[in-house]
Structure formats: C-alpha cells, structure tokens
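Protein chains: 2
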Amino acid sequence: MDIGKLLAERTKYMTASEIRELLKWATVDVISFGGGMPDPSTFPVEDIQKIVNYVLEAYPHKALQYGSTEGVYELRQEIAKFSEEHHGIKTKAENVLVTVGSQEALELLGRVFINPGDVVITENPTYLAALQAWRVYQPKLVGIPMDEHGMIVELLEDKVRELLARGERIKFIYTIPTAQNPTGITMTQDRRKYLLEVAERYDLLIVEDDPYSYFLFEPIQVAPIKALDKSDRVIYLSTASKIFAPGFRLGWVVASEEVIKWFYLAKQSLNLNTSNFVQYIFLEGLRRGVVTKNLPRVKELYKRKRDAMLAALETYMPEGVRWTRPSGGMFVWATVPPQIDTRELLRKAVTQYKVAFIPGHGFFVDESVKNAMRLNFTYPSFEQINEGIRRLALAIKEA
Amino acid sequence: MDIGKLLAERTKYMTASEIRELLKWATVDVISFGGGMPDPSTFPVEDIQKIVNYVLEAYPHKALQYGSTEGVYELRQEIAKFSEEHHGIKTKAENVLVTVGSQEALELLGRVFINPGDVVITENPTYLAALQAWRVYQPKLVGIPMDEHGMIVELLEDKVRELLARGERIKFIYTIPTAQNPTGITMTQDRRKYLLEVAERYDLLIVEDDPYSYFLFEPIQVAPIKALDKSDRVIYLSTASKIFAPGFRLGWVVASEEVIKWFYLAKQSLNLNTSNFVQYIFLEGLRRGVVTKNLPRVKELYKRKRDAMLAALETYMPEGVRWTRPSGGMFVWATVPPQIDTRELLRKAVTQYKVAFIPGHGFFVDESVKNAMRLNFTYPSFEQINEGIRRLALAIKEA
Chain A
1 MDIGKLLAER
11 TKYMTASEIR
21 ELLKWATVDV
31 ISFGGGMPDP
41 STFPVEDIQK
51 IVNYVLEAYP
61 HKALQYGSTE
71 GVYELRQEIA
81 KFSEEHHGIK
91 TKAENVLVTV
101 GSQEALELLG
111 RVFINPGDVV
121 ITENPTYLAA
131 LQAWRVYQPK
141 LVGIPMDEHG
151 MIVELLEDKV
161 RELLARGERI
171 KFIYTIPTAQ
181 NPTGITMTQD
191 RRKYLLEVAE
201 RYDLLIVEDD
211 PYSYFLFEPI
221 QVAPIKALDK
231 SDRVIYLSTA
241 SKIFAPGFRL
251 GWVVASEEVI
261 KWFYLAKQSL
271 NLNTSNFVQY
281 IFLEGLRRGV
291 VTKNLPRVKE
301 LYKRKRDAML
311 AALETYMPEG
321 VRWTRPSGGM
331 FVWATVPPQI
341 DTRELLRKAV
351 TQYKVAFIPG
361 HGFFVDESVK
371 NAMRLNFTYP
381 SFEQINEGIR
391 RLALAIKEA
Chain B
1 MDIGKLLAER
11 TKYMTASEIR
21 ELLKWATVDV
31 ISFGGGMPDP
41 STFPVEDIQK
51 IVNYVLEAYP
61 HKALQYGSTE
71 GVYELRQEIA
81 KFSEEHHGIK
91 TKAENVLVTV
101 GSQEALELLG
111 RVFINPGDVV
121 ITENPTYLAA
131 LQAWRVYQPK
141 LVGIPMDEHG
151 MIVELLEDKV
161 RELLARGERI
171 KFIYTIPTAQ
181 NPTGITMTQD
191 RRKYLLEVAE
201 RYDLLIVEDD
211 PYSYFLFEPI
221 QVAPIKALDK
231 SDRVIYLSTA
241 SKIFAPGFRL
251 GWVVASEEVI
261 KWFYLAKQSL
271 NLNTSNFVQY
281 IFLEGLRRGV
291 VTKNLPRVKE
301 LYKRKRDAML
311 AALETYMPEG
321 VRWTRPSGGM
331 FVWATVPPQI
341 DTRELLRKAV
351 TQYKVAFIPG
361 HGFFVDESVK
371 NAMRLNFTYP
381 SFEQINEGIR
391 RLALAIKEA
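Line order of the protein sequences matches chains A and B. Take the first sequence: its position 133, counted from the start at 1, is 133 in UniProt numbering, and no numbers get skipped. Take the second sequence: its position 88, counted from the start at 1, is 88 in UniProt numbering, and no numbers get skipped.
Hints listed in this document are in silico derivations from the structure and should not be mistaken for laboratory results. Incorrect hints may have been included.
One copy or any two copies: either way a pair holds, since identical chains are not told apart in the list.
[What the hints assert, rightly or not] For lysine-lysine, the following BS3-like pairs were computed, each having C-alpha atoms within a straight-line distance of at most 30 Å:
| # | residue 1 | residue 2 |
| --- | --- | --- |
| 1 | K62 | K293 |
| 2 | K230 | K92 |
| 3 | K81 | K92 |
| 4 | K348 | K5 |
| 5 | K62 | K50 |
| 6 | K81 | K230 |
| 7 | K140 | K5 |
| 8 | K12 | K348 |
| 9 | K62 | K305 |
| 10 | K159 | K62 |
| 11 | K50 | K159 |
| 12 | K140 | K261 |
| 13 | K81 | K50 |
| 14 | K261 | K354 |
| 15 | K90 | K303 |
| 16 | K193 | K5 |
Could you build all of it, start to finish, from the sequences and the hints given here?
Right, here's the structure in full:
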C-alpha cells in the first residue's frame, strides 16, 4: 500500500534529528561526542531502588493507576518547593505541569501558541530539537546573535521593534540562559534583567529552558529569569533528566495558571498523563533529598570532564580551530576554519576516524553557519574524551 | 499578561475531556462509572516489584538512560512475539513502535495523516478521546452506524463510494472491533473480512485499536483484522494499560515499516522516547509471562463485574432504559428515554444522587445522540456497582 499519498502536509517538516541518528552509533567502536546523555555513573541507582520498593509497598494502587493530566499533585507541590530552594522561583503546585521530558514542553509550546507564519525568537545558535519540534507548526524562526555574555539583547530589542513595525506576530522569545545548549554560555544577570524589560515593554512571552543551571562550574551569580518575573510572562522549563535519570522521561513547566490550563488541554490528547509510577519515584527522590545530595558529585564530575575536553582540545587541535569554555552544562561548541563544512567532516570522522559530533548547522535557525560543531563531554569516559579529541583533530587536519 | 491573544487557532479545538474531568470525582463520595480505569487489584504488584529490582540490578545504566525513539529493541521483539501468540499477528520488531500509552498512537495518527478537511471514518459511537485527539487536525469525521455485530460494513462501503465520488480524501477507517469502546460490541469475523475487503477495494488504511481483546467474556472466535491483513494496510494499536498497569503509560503500534518510520519522526518531537525504565519493566513482564499468567484472573474478575452490573441494571432500571450486554472490555452502553439529555442528567446524578457516568454525546462524531451513557464496570467494587446503579436508576426515574 502506498502510504506516501496519505501523508499530511506537515510531514514534510518532520526530519530525522542528527542527534538521534547519532545516538545509534554511540554503542559501537565510534567515540561519540554526539548525544546529550548524562554519565550513567551519576544515576543514583541504589536510592532509586529503595524508592521504588517503597512506592510499590506504600501506594502501589496510586502509582500503577492512571493519573491526572497536570501530574501528581504532591509532585507538583514538591517541584514548586524545589524551584524555590534551587532557583529562587516562588511558585505553587497549581503553576506546575509535569511533562514527558522537556521535549514534551517544547511540543506543547508549539501546539498552543504557533500558527503558521507566527514569529518565534531564539538565540542563534539554539537547541536543535526545539527548532525541530516547532517546525511542524511553521513559525518564522528569528535568531538573535550571541556573544560571551549570552543573547545580545540590544540586537533583540532592535529586532522586536522591526518585527512589530512590520506587523509580525511574535509568539515568544525562547532562551536557554544558563550554560546554553549548544554553546555553554551563561547569560549575565544584567542581560537577563534587560531581556525581561524588553519583554515587558513590548508585552512578550519568554520561554526559559533550564536543564543545566544545576551544573554551573564557575562561581557565576545568576537567577533564573522566572525568578525576576513579576508579570507572569515567563514560561519556565526544567527536567529530571540531568539531575536524576533521563530514563524516566520526566520534565516540568512552571507558568501562569492560564498557560498551565492550555498545556493541560493540549497534553490530554498527546498522552493523557505522564507515567504516575515515574512521577511517584521522582516525588520520593525530591522528598528524600536524593537530587540535592547527588548534585555536587555530578557537578564535580562534569567539571572534570569539561576540563579534560578543554585540555585535549588545547593539546591536539590545529591552528584555526576555536572553542568555547563552557560555564556549565554538557557541551563545548567548536568552530573550524570556514572552508570546512562540518556535515561533510562528520562522515569522514565517523567512518575513517571513528569519532562523532553534531554538526552545527541545525542549531542555527537559518543553518547559516557550516563550520561549527557541538561536542558533548558528559557521556564519554575521560579516556574517550582524550582519544576522541585526538581523532577529531586528525580528521580536521586532513580536511 | 494576556495569554488569549497569543493562542494558536487550533486551541479552539482543545476542549476538556469529560472523562478526565470525571476522574477527579472518582475519589470522593461519588460512585463513578465514568473513567476507564482497571481494578487496581489486577495490578501484579509483587511481580512488578521483583522485576523492578531485577532491572535495576541487571542493567540500570540502560534502563535509566535515554533511549531510541522507536522503543527498546528487545521489547519490540517481545511485543512482536506476544502479538503472534495472543493475536495471531505475524510481525517483527521493525514493525513495532512503543508509545506513551495508546493515546500517543492516536496523536501520531492525526499528526502524520490528517490535513484540514481530510476524512476519517469511525464507528458511531466511537472512542471519545480518539475524536478529541484528531480534532486539532480538523478532519471531517464520518461515523458509520453499528448493530450488534459491530460496524455495519455495508453502510461503510456505500459511504466510501459516496465520499470518493465527491472527491473526498479518506485518510483512514478507525475501528475498535473487539469489545468496542463505548458499546462493548465485538465485530463478527465475517464483518472483519468484509471490512478488509472494502479497504482493499478502495485502497484505504485501517486503524485497528485493540485494548480489550484480552477480556472477551464470551467464547467468540475472532481474529484481529491485522492478522488477516496481507497488504500492510492495517495499523494495529494495543496497550499495557489494561493487562499490566496503566501507571506505566505504555502502548504500542504494529504497522508497516513505512508507517513506523513516519511515527518515529513524529514522536521524536513529541517526547524523544517512551521511558526506558518503564519499557524494561514491561519487557521483563512479557518475558516472565506475568501478563499471560495474570490475564485469566483479570478476565474472570471483569466478567463477574460485568454480570454484577447487568444484574443491577435488571433489578433497578425503570421501563424505557436499554443497555448492551458487552462481550468483553470495560463498559456497558446504556440508552435512556429520548426526552432525557444525559449531560443534564449527569449534573443531577452527581450532585444529588452521588453517581457519575460519561454522557454519550461525545462518543458520536456529530454528537447526534443525547440520551446515551457509558458505564464502566471494572473500577468500582461489586458493592459500588450495585449501589451506584441503584442511585442512577433513581436519578433516571426522577428525570
């Protein structure tokens, strides 16, 4: 049967993620800097085992049953508490919605807000899978350049004015202000305030994606934009994937009750609710302080891995290759000489040199930069980091 | 901040599910026949506890890590095997995709196939949450009447001819052939063959939703339509929710590799992957035969609950109330005299008589029938079934 003739128009915006394709290679003899996976040694396995046994003994019938679309109420309470303790975000259970990873929150944003032709503003480069999630909704993606202090908010304001003067409908500004994906850059506190001012001045919504603020390696003092937000214009996303375990697929949204209501309606059709079982496990993880206890260890490990990657880059990379010194998170962002297209480089790197990375193209709203790459330092071992960067340097030299 | 002005057009098709709203009442003093929840005593808690401990000891790093969008390969293999053993569906891992409950599969169908104005054909009445999932994609929903043998396929064929003559684009025919939701009716084997013939004749796709064939109370010999399918035109959906536990949110799709590829691309943006942890638990559940071992007990319990509900209906209901004798599944479908609108009845039933059900309206593509209701018999206790039907009969008498 010919399926092609039955496909909806929007399927032409559905393309395979390079990251996901790369995850497939991670198991073979290729050293992969591709994915964004945590080091499995950071998973608090013993604590999880205790928790799971407790959950199945204490309230199996709730944990194994259907649940409410917004999430388990006690977990929403606990997340509200956690948000205040860790991020200074004052909120309450009613402002929290539990999602199937942060990816679902990105989908909800597209689904609830984006009509074809609407404008979504992002840092440029930004998180590739966010762009991919929204493309089926056909927004105009507008990228704002970054410098070492994060999104250049002066340029943002100019752009907003220009867009509004043209009558464009700006739906939201998407930012990963802390240890950004893919650059590792953290937006300064001044810029954060300025960004919020711009949003207030032009009555715009901000989406703050914050998976990485748990892993800031430098003593940078920044608050989430959501913590500064007085007018409920920030939708804040975070996730258990990097601080507990990604195998649970659990993320959350903190936003105004009106946004939560729309996300709730949209989520009903997507999957009714996030796994109750998984929610109760994370609830106990928060209650018992497993996450809080685990964090310093994880941060220390990732800092050492970052340093190992920076040292290897320093040792092996030829002239003309530059890279960021990530303030936190999971990635180094590297730029090779402009005559090298990293998508082409990848093929050779994988087949001949047995090393993988994500070409930078897809992180740009317009794919305008072709000589960049994202390198993950959290998943590979210290040995693999050194050997992989050595191989990558050889591949670049040949190119 | 005014969110209203930022909403996408499609939000006007997002409405709260009556079922989900009703789930909220299930905990208070109202006896609820509303949801579609399993009896929690059917959850194989002890087996799950053993399995979870095994998974966390044997391969914690796989179970707690990100996974592939299609699902854990070994689980896909095991589901393929299960499909053959339980349903006579010959398939392989590559034809299986694991979803966040069957609800996600319904969303994937809409996302991949439906353009605004496309036709989707369903039984009338049909599963309310399927209609809701697709509404955001703005199909024309065409309902085919049922009799006690299931969808009247003669009428389907006439309708298909008429639609095609008008140049309509039919995307798929959605059916729940076994112990249908909401009616409990099982389509005869002859009808199934005829339905497949019609699909072949007009080159149409069939979506077979099959959560309930595990619970057929009568000795009816039927095969899934998918088991008869020679031309890969049936997309088959099932779920662990009713045979293991709904708290895991785990379902699956069996379809051609081309359909699986499109679902995979669509699912990437929705949530990257279904929880690996949950997948490994169900994998072990299948491997150890927990599901197979549990089924006769569950079926026996649900049969007794159905019989209890039928007996209570017989005892208490006034003249003019009719109901189906469900061949399996979880629901009785009842019809009250035409002057009673069950949506209005519901309010009184809940507030005054402390009993809840789902009004039938939303199960019809055109909400054309206003005097029907769906009654769940699996979740309430035997006592609640008797007492709840007694209360409901009083409410109907008053109306």
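Exercise for the section: Mind listing which of the numbered hints don't hold for this structure, in increasing order? Expected result: 4, 10 and 11
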